[in-house]
Amino acid sequence: MARRISSLLSRSFTSSSAALRPKGRSAGVGRGICKYSTAAAIEEPINPSVKVHYNQLLINGQFVDAASGKTFPTLDPRTGDVITHVAEGEAEDINRAVSAARKAFDDGPWPKMTAYERSRIMLRFADLLEKHNDEIAALETWDNGKPYEQSAKIEVPMLTRLFRYYAGWADKIHGLTIPVDGSLHVQTLHEPIGVAGQIIPWNFPLLMFGWKVGPALACGNTVVLKTAEQTPLSALYVSKLFHEAGLPPGVLNVVSGFGPTAGAALASHMEVDKLAFTGSTDTGKVILQLAAKSNLKPVTLELGGKSPFIVCEDADVDKAVEMAHFALFFNQGQCCCAGSRTFVHERVYDEFLEKAKARAVERVVGDPFKEGIEQGPQVDSDQFEKILGYIRSGIEGGATLEAGGERFGAKGYYIKPTVFSNVQDDMLIAKEEIFGPVQSILKFKDLDEVIRRSNASRYGLAAGVFTHNIDTANTLTRALRVGSVWINCFDVFDAAIPFGGYKMSGHGREKGIYSLSNYLQVKAVVTPLKNPAWL
Amino acid sequence: MATRRISSLLSRSFSASSAFFVSQGRKSGRGRSIHRFSTAAVLEEPITPPVQINYTQLLINGQFVDAASGKTFPTFDPRTGEEIAQIAEGEAEDVNRAVSAARKAFDEGPWPKMTPYERSRILLRFADLVEKHSNELAALETWNNGKPYEQAAKSELPLFVRLFHYYAGWADKIHGLTVPADGPYHVQTLHEPIGVAGQIIPWNFPLVMFAWKVGPALACGNTIVLKTAEQTPLTALYVAKLFHEAGLPPGVLNIVSGFGPTAGASLASHMDVDKLAFTGSTDTGKIVLELAAKSNLKPVTLELGGKSPFIVCEDADIDKAVELAHFALFFNQGQCCCAGSRTFVHERIYDEFLEKSKARAMKRIVGDPFKKGVEQGPQIDSEQFEKVLRYIRAGRESSATLECGGDRLGSKGYYIQPTVFSNVQDDMLIAKDEIFGPVQSILKYKDLDEVIHRANATRYGLAAGVFTKNVNTANTLSRALRVGTVWVNCFDVFDAGIPFGGYKMSGIGREKGIYSLNNYLQVKAVVTPLKNPAWL
Numbered sequence: 001m002a003r004r005i006s007s008l009l010s011r012s013f014t015s016s017s018a019a020l021r022p023k024g025r026s027a028g029v030g031r032g033i034c035k036y037s038t039a040a041a042i043e044e045p046i047n048p049s050v051k052v053h054y055n056q057l058l059i060n061g062q063f064v065d066a067a068s069g070k071t072f073p074t075l076d077p078r079t080g081d082v083i084t085h086v087a088e089g090e091a092e093d094i095n096r097a098v099s100a101a102r103k104a105f106d107d108g109p110w111p112k113m114t115a116y117e118r119s120r121i122m123l124r125f126a127d128l129l130e131k132h133n134d135e136i137a138a139l140e141t142w143d144n145g146k147p148y149e150q151s152a153k154i155e156v157p158m159l160t161r162l163f164r165y166y167a168g169w170a171d172k173i174h175g176l177t178i179p180v181d182g183s184l185h186v187q188t189l190h191e192p193i194g195v196a197g198q199i200i201p202w203n204f205p206l207l208m209f210g211w212k213v214g215p216a217l218a219c220g221n222t223v224v225l226k227t228a229e230q231t232p233l234s235a236l237y238v239s240k241l242f243h244e245a246g247l248p249p250g251v252l253n254v255v256s257g258f259g260p261t262a263g264a265a266l267a268s269h270m271e272v273d274k275l276a277f278t279g280s281t282d283t284g285k286v287i288l289q290l291a292a293k294s295n296l297k298p299v300t301l302e303l304g305g306k307s308p309f310i311v312c313e314d315a316d317v318d319k320a321v322e323m324a325h326f327a328l329f330f331n332q333g334q335c336c337c338a339g340s341r342t343f344v345h346e347r348v349y350d351e352f353l354e355k356a357k358a359r360a361v362e363r364v365v366g367d368p369f370k371e372g373i374e375q376g377p378q379v380d381s382d383q384f385e386k387i388l389g390y391i392r393s394g395i396e397g398g399a400t401l402e403a404g405g406e407r408f409g410a411k412g413y414y415i416k417p418t419v420f421s422n423v424q425d426d427m428l429i430a431k432e433e434i435f436g437p438v439q440s441i442l443k444f445k446d447l448d449e450v451i452r453r454s455n456a457s458r459y460g461l462a463a464g465v466f467t468h469n470i471d472t473a474n475t476l477t478r479a480l481r482v483g484s485v486w487i488n489c490f491d492v493f494d495a496a497i498p499f500g501g502y503k504m505s506g507h508g509r510e511k512g513i514y515s516l517s518n519y520l521q522v523k524a525v526v527t528p529l530k531n532p533a534w535l
Numbered sequence: 001m002a003t004r005r006i007s008s009l010l011s012r013s014f015s016a017s018s019a020f021f022v023s024q025g026r027k028s029g030r031g032r033s034i035h036r037f038s039t040a041a042v043l044e045e046p047i048t049p050p051v052q053i054n055y056t057q058l059l060i061n062g063q064f065v066d067a068a069s070g071k072t073f074p075t076f077d078p079r080t081g082e083e084i085a086q087i088a089e090g091e092a093e094d095v096n097r098a099v100s101a102a103r104k105a106f107d108e109g110p111w112p113k114m115t116p117y118e119r120s121r122i123l124l125r126f127a128d129l130v131e132k133h134s135n136e137l138a139a140l141e142t143w144n145n146g147k148p149y150e151q152a153a154k155s156e157l158p159l160f161v162r163l164f165h166y167y168a169g170w171a172d173k174i175h176g177l178t179v180p181a182d183g184p185y186h187v188q189t190l191h192e193p194i195g196v197a198g199q200i201i202p203w204n205f206p207l208v209m210f211a212w213k214v215g216p217a218l219a220c221g222n223t224i225v226l227k228t229a230e231q232t233p234l235t236a237l238y239v240a241k242l243f244h245e246a247g248l249p250p251g252v253l254n255i256v257s258g259f260g261p262t263a264g265a266s267l268a269s270h271m272d273v274d275k276l277a278f279t280g281s282t283d284t285g286k287i288v289l290e291l292a293a294k295s296n297l298k299p300v301t302l303e304l305g306g307k308s309p310f311i312v313c314e315d316a317d318i319d320k321a322v323e324l325a326h327f328a329l330f331f332n333q334g335q336c337c338c339a340g341s342r343t344f345v346h347e348r349i350y351d352e353f354l355e356k357s358k359a360r361a362m363k364r365i366v367g368d369p370f371k372k373g374v375e376q377g378p379q380i381d382s383e384q385f386e387k388v389l390r391y392i393r394a395g396r397e398s399s400a401t402l403e404c405g406g407d408r409l410g411s412k413g414y415y416i417q418p419t420v421f422s423n424v425q426d427d428m429l430i431a432k433d434e435i436f437g438p439v440q441s442i443l444k445y446k447d448l449d450e451v452i453h454r455a456n457a458t459r460y461g462l463a464a465g466v467f468t469k470n471v472n473t474a475n476t477l478s479r480a481l482r483v484g485t486v487w488v489n490c491f492d493v494f495d496a497g498i499p500f501g502g503y504k505m506s507g508i509g510r511e512k513g514i515y516s517l518n519n520y521l522q523v524k525a526v527v528t529p530l531k532n533p534a535w536l
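Protein sequences appear in the order of chains A and B. Counting in UniProt numbering, the first sequence runs from 1 upward without gaps. Counting in UniProt numbering, the second sequence runs from 1 upward without gaps.
A hint or two may mislead.
Unchecked claim - DSSO-like, lysine-lysine: derived pairs with alpha carbons at most 27 Å apart:
| hint | chain 1 | residue 1 | chain 2 | residue 2 |
| --- | --- | --- | --- | --- |
| 1 | A | K112 | B | K469 |
| 2 | B | K432 | B | K387 |
| 3 | B | K531 | A | K319 |
What the hints assert, rightly or not - Footprint (simulated), chain A over chain B, 3 or more residues, beta carbon under 8 Å:
| hint | region |
| --- | --- |
| 4 | 171-181 |
| 5 | 296-309 |
| 6 | 351-359 |
| 7 | 522-535 |
Keep in mind that the hints were calculated from the coordinates and are not lab data. These numbers were taken from a predicted model, which means no experiment stands behind them. Using N, Cα and C, we set each Cβ at its ideal position, and we do this for glycine too.
Construct all of the structure, not just a fragment, from the sequences and the given hints.
Spelled out as structure tokens, the structure:
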């Protein structure tokens, strides 16, 4: 059964025993002892209850080595140790994968199959996912570092839910018949585009797989998927299950590899008819240019964000603190829609700040395989260093460090839950996507001001609004230029709710009915109506 | 409203006029020598257009203003190559001014804040005004573009009016959805205007393209900076003036005349433009998309080139097929992105089809577009004129058979003889590139699988014509052709409700119809917990 990510909120995690003195340099503020659970990080890492079976490329239904024979290591973020070596796809492998996908599209059987048959295969796949839920979740946690409970109880069930959702769409792709001014019969066909290239990120490897592969296959396309080099494992595992469920060879090809080689080759490929990318705004711009320079394949982009979380003066402060904490810290802060600018009304600011700080200090950080852990390590050393760089910039920029502010433990990529207060709009930490456990709290006076400041960003992915007042909710909902407004909730990711960005946060919408148009071409068919007997 | 379809042109019978013209076809070894074209109109003095030019400046924030630089550029009469008027030449600074005005009209209102009904009323009043000034506008369009006045007055202006009536009706029917979720959540989507839309339109249908772009953008509540083609700046300025008379608030629609590399590029790369729509060549479309990607990632709709197949099946009524294939290619001097520029004819009827197509082309009446009964005016400008003649040379050199035409017509202006090539092979330049002129390429095929394969073997996928009586053949081809529009036993049917756009490198997105609205809307999902669900 699919559970909602926000259902995490309802759990009460107990903070563990060990105490740690923060190294915050703004010691002048006088807030001293913070608690973190270091127990798990200090102990030996728990052995994941899963083996790595698949580390090759999946092309035309077969696991194969890279053409070059190259491999790259994928690491355990808890330790930085190698989990396994994975075949490293490059341009030649992309060519092979695209050929397989092209053949499966042009010569069938995938788009020629009845939509009902496609639907059945997707449903069988969902059943297999459910059966292997815990192994898949363990693999996801091992490669990514996210809490196992989150993987096993939320993300893998949600992947299953997404494929059941899209299985239901497969036989409901309707065209229109169209009224015109004279005696003509006009209809539209909604056809699959062809070979879809899809590039997914490392923060939610399986969910992003579901968001991309689900609608593409439901609409009858074939796919070449490039996974993130940080997290290649779970996609290979589930793709194997997909073939067991009856997916014909060539319909879904998975190439592990790096952006500048495999990713770029996919984005500029002349035989790829559609591209979907989730990742940073800067990479998204490169991807779109590659598509423009090659064959003008249409591109869906789901990019960065700097989403405001607005706590209005009438808010229940305790609930707002918990929700704002969740909005930022969920998934180690590695969410494109993270509520990374916490705007708090001046009347409740001081109380909110104290409680937000206390909540961060209580956050349970440790080995993600351990029960009760809320926060695991960041995904890799690059991200880890980048976040620490932003924390330094926050301190140097004059924001007040309230909690955290440095690495946690001596091994792996753990970072202490970090809270900054007195954050100003022009500080780097208020403008750029940090993608880590760093909460920036900003003060506001009135609604017009917070609307203006919230919208003064190149991003427009999401926003949180916390208020009891329906007029405030309506005003903010309309005024915020973002693709998702969560009122008194956050990170609700139902399969049916469209997700995507305004402004430089992206193009197009994923999930819901809107996601289908990303993978469909519209063909108008017009013929004269010679003997209109009635209509 | 007596809206007529462009294809209704087909039903008219034009009578060939008297003058003869000896073709310069170099393949005289084939023994087809004397071709007929009406040159009468070309030889006479050009007819004086019954219209004055009142607007030549940029239209920014509801005011006609000079370019910031003070520069102007000449716009020409394609019948003679002579200057019609000097037009203010918009460049980056003017685009900045226009975007600021549009930004203000969007961010501070009144346009998106106005009720959709009020917007709808303004669009309707505008349509009425255009109808009232239809003949002057048609004359201006013909003068600047060279297309037959009858076509402008009887097809394109009514179509323009029809499009604004159509989009006026959409303004108050932009619905979001309520969305079922798995738990106690109330979920809805809002379909909101994107913001400032930059729109770049071509010269082949200046007014119709204006409507395809401006209609949906304004109906959805966006504001606009429109860059017209440097060849045809006049009619957009005229109608935009009427739009303001109809009550359009200042800043909602700004018109910048100018050139692609200056005005166009600065619009495409502008950081305060939220959306871009472009119609033109595939090569320019790629540049436009790159500029958007490099700047602020504004979403881009592209309507680009084509090399559309027109497939005549063996069961076709040959006379009708000839007429329709002729229309599909030669309409608007061949200057259509969706021109049926690869006429595939089944081998059993090929010879008869070819003879009749040639005869039809030779009867085509070319001349002063203001003259009654003229079917074909001049090409738009010297650049296009030379390009078309170069393709004709390429066709001859590649050993296609020149059946008729092949040369300029007259000695003044940009008239080209209706030209037909037979024995065209798929790998010839004239079968692969977009010629955008009155040059028909006829290709022979044997069976359906072959013609499907050949029809799809192109980087383009804009449209296709299919001529058959057999419903199975029609269905097979309709499905198999990878194109945005399939016209079965008709061509160039451009109803407001029918989506138009390309597969493959012919573009991204659809214009017209319900599909066009998405181009100008953002989707916002709004989610709130449902605390006390009493029933649902």
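Tested hints:
1. K112(A) - K469(B): Holds, at roughly 25 Å.
2. K432(B) - K387(B): holds, 15 Å
3. K531(B) - K319(A): At roughly 14 Å apart (the allowed maximum being 27 Å), K319(A) and K531(B) satisfy the hint.
4. 171-181: holds (count 4)
5. 296-309: Holds: 5 residues of the region 296-309 of chain B have a Cβ under 8 Å from chain A.
6. 351-359: violated (count 0)
7. 522-535: With 8 residues in contact (Cβ-Cβ under 8 Å with chain A), the coverage given for the region 522-535 of chain B holds.
Checked against the numbered hints listed earlier, the structure breaks hint 6 alone; every other hint is satisfied.
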